[in-house]
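So you can see what is in the structure, the chains are spelled out below.
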Amino acid sequence: MTRTIALRLRTLGLAIAGVSALSITAATAQEINVWAWDQNFNGAAMEEAFSRYQAEHPDATLSVEIFDKAAMEQKLQAQLASGQTDGLPDIVLIEDYRAQKYLLSFPGAFEPLTDHIDYSAFAPYKVEVATVDGETYSMPFDSGVTGLFYRSDILEEAGYTAADLEDITWDRLIEIGVDVKEKTGETLLPLDPNEAGWLRIMMQSAGTWYFDAEGNVTIADNPVVKDALETWQRLLQADISKPVSGWSNYTGSFTSGDTISTFTGVWMTATIKANADQSGQWAVAPIPRLEGVDSVNASNLGGSSWYVLSSAPDKEAAIDFLATVWGQDVDFYQDILVNQGAVGSLLAAREGEAYQATDEFFGGAPVWQNFSGWLAEIPSVNYGIFTEEADAAVVAQIPALASGGNVDEIITAIDQQVRQQTQ
Amino acid sequence: MPALALLGVFMIYPILWSLWMSFQTGRGMQLSFGGLANISRLTQDPVFLRALTNTLIFLAIQVPVMLVLALLFANALNNSALWGRGFFRTAIFLPCVTSLVAYSVVFKSMFSTDGIINHFLMTLHVISAPIPWLADPFWAKVVVISAITWRWTGYNMIFYLAAMQNIDRSIYEAARIDGVPAWARFWYITVPMLKPVILFTTVISTIGTLQLFDEPNLLTQGGPSDSTLTLSMYIYNLSFRFMPSFGYAATVSYVIVILVAILSFLQFLAARDRRA
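In order, the protein sequence lines correspond to chains A and B.
FYI, the numbering for the first sequence is 1 to 423, going by my numbering.
FYI, the numbering for the second sequence is 1 to 276, going by my numbering.
Please note that the accuracy of each hint is not assured.
What follows is a set of in silico ranges between Cβ atoms, one per label pair, in the way DEER data are often shown [what the hints assert, rightly or not]:
{"hint": "1", "chain 1": "A", "residue 1": "Glu-182", "chain 2": "B", "residue 2": "Ala-60", "range": "43 to 51 Å"}
{"hint": "2", "chain 1": "A", "residue 1": "Val-132", "chain 2": "B", "residue 2": "Leu-16", "range": "33 to 41 Å"}
{"hint": "3", "chain 1": "A", "residue 1": "Thr-255", "chain 2": "B", "residue 2": "Ala-102", "range": "23 to 31 Å"}
{"hint": "4", "chain 1": "B", "residue 1": "Phe-138", "chain 2": "A", "residue 2": "Asp-408", "range": "23 to 31 Å"}
{"hint": "5", "chain 1": "A", "residue 1": "Gln-237", "chain 2": "B", "residue 2": "Phe-138", "range": "15 to 23 Å"}
From the structure, some residues in chain A lie toward chain B, with a derived Cβ separation under 10 Å [unchecked claim]:
{"hint": "6", "residue": "Gln-77"}
{"hint": "7", "residue": "Thr-218"}
{"hint": "8", "residue": "Gln-421"}
I should point out that these hints are in silico values taken from the structure, not numbers from a laboratory.
This structure is a prediction, so every number in the text was calculated from the model and none was measured.
Where is the CB? At the ideal position from N, CA and C, for every residue including glycine.
This is chain A alone, in the form it adopts within the complex:
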């Protein structure tokens, strides 16, 4: 019981060595193993991709293992740390925020794909997060392009049309929220005090991050961070948000009608559309931009990409599969858009048929076309290797922000904690 985590890692290494002896014999020469975290989303998209590849390569097989996302990240991290690579898959899905952390702390663990994939065909910000020393390691996958999802029926009741939400600032959104609350009694937004995603969205919309291109902490002297935190404080104090705790509470608040909008990644579309009886009552607008700093009405939240492990016995087959289907098959991207609601980051896919379609659920708007338009505008930033640490420092200050604390002092506290944690 009193053993340490470090100690567990050593014993874990021994345990994995034993288990891996079994898994080697189980794998056949042509089998591609994949780790992913959502059976209906990224797992299903991977299987769809493979069914296309298999038509040309009938002897290849695929096995997709689905984990809880956090459990998968820990398993990957523990196994890379133990140095036992036998139980690892050929391809693994990694969230963009964590990519640099894995690439830099476990050098040599992932296979560079620069020679196999034409990265100029992909959204630049997706390529940049997976690039270290001129080598790119990822097969860019789903985009976290953000939008403001809102209940158009309720906003209409308060006298607002879609044009009133086009290319606005956060302060304009606050005005609208206050006005809607007065007229209809409805609460605009859900807010989780354990979530720093809103700050990440605002920062990226202004092309900045917790860190600069060299990875130095840029929080205390960053006008965007200050502007974003001040904006957020105004939003909190306008009494147009409802506190929620955890993911299901958060999604439940706007699907049940407790709140009437949320700004988040495009991957939320499937969750919102799951309530078929609300068809026609929803719309999507571009997210608001910051006032006073150089910011656009487009940003990113989350998103993930595929990585090939250097230790994989079948890495040649894995790379060939990724490059031929994920790397260039425009039709494939139409399929996963329609079936999984996955907005990939291959730019040419935007010209395909599915991206032109309108959606009755969102009042007949060409939502995919809109999202892919915003996708091209997202400024690229360096997520660095410490986004998780910086998020934790921000979350620790949210109660102070909500209770009207001095923003300069809050920024100093965040900055100090991040510097301390990233030495």
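Starting from the known structure of chain A, arrange chain B on it as the hints suggest.
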């Protein structure tokens, strides 16, 4: 000989390795000897301080509350005149054999803003608006303390019950004949006779609480704003959530080892003094 080899491989080697590791700095597996760098990092780390404070608050409130409750339950259930003793004993012991994840999920739903606890309190007019149990720094601590107390009180009660059965009945009879009231029999006979067991449960509970991980991780993930972050959760975050810094995580885990050693020693000391 094989036993010694096993002990060496699985006990002594890991302990020595983690001690060596606690002097290493670096990211991921790129570690190098850093001397006292981790200890100086510890002294300037606001998150470590918050985790340490939270852990000590949990310890100072939860352990006494739980042990007093266990003692009172044990005393009540030791009464042979009580109807349904077996049922109550089982009922109070049951939580500590319940699946940890299952009970955390139940607690989480009970304490959610729209949960049964708020409904109950509102119906009784104890509160006028729902309490944000898991979203407020103070109430989140209360929920975590309640959850651990619920789970482990029965476990400690069993130790007390077993010890009480070993106290000679004739002592109580003599006291009763001398006209000693029930509370005094409990305080001056039962409690002193149980001293070794109380010491044992205190040490075990102290160690358990210093290593607290499961409940805050499943109920609150250490939040809101680190108000339920414990040292063990911090070690976990340093190893698996953040940029892995195994050396620093090992240093923090040795803080727990040292705390356990000091507190256990003090508890033994206190018990010995009173006996003398």
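Results of checking the hints against the structure:
no.	hint	result
1	A:Glu-182 to B:Ala-60: 43 to 51 Å	holds, 48 Å
2	A:Val-132 to B:Leu-16: 33 to 41 Å	holds, 35 Å
3	A:Thr-255 to B:Ala-102: 23 to 31 Å	holds, 26 Å
4	B:Phe-138 to A:Asp-408: 23 to 31 Å	holds, 26 Å
5	A:Gln-237 to B:Phe-138: 15 to 23 Å	holds, 21 Å
6	Gln-77	holds, 6 Å
7	Thr-218	violated, 18 Å
8	Gln-421	holds, 7 Å
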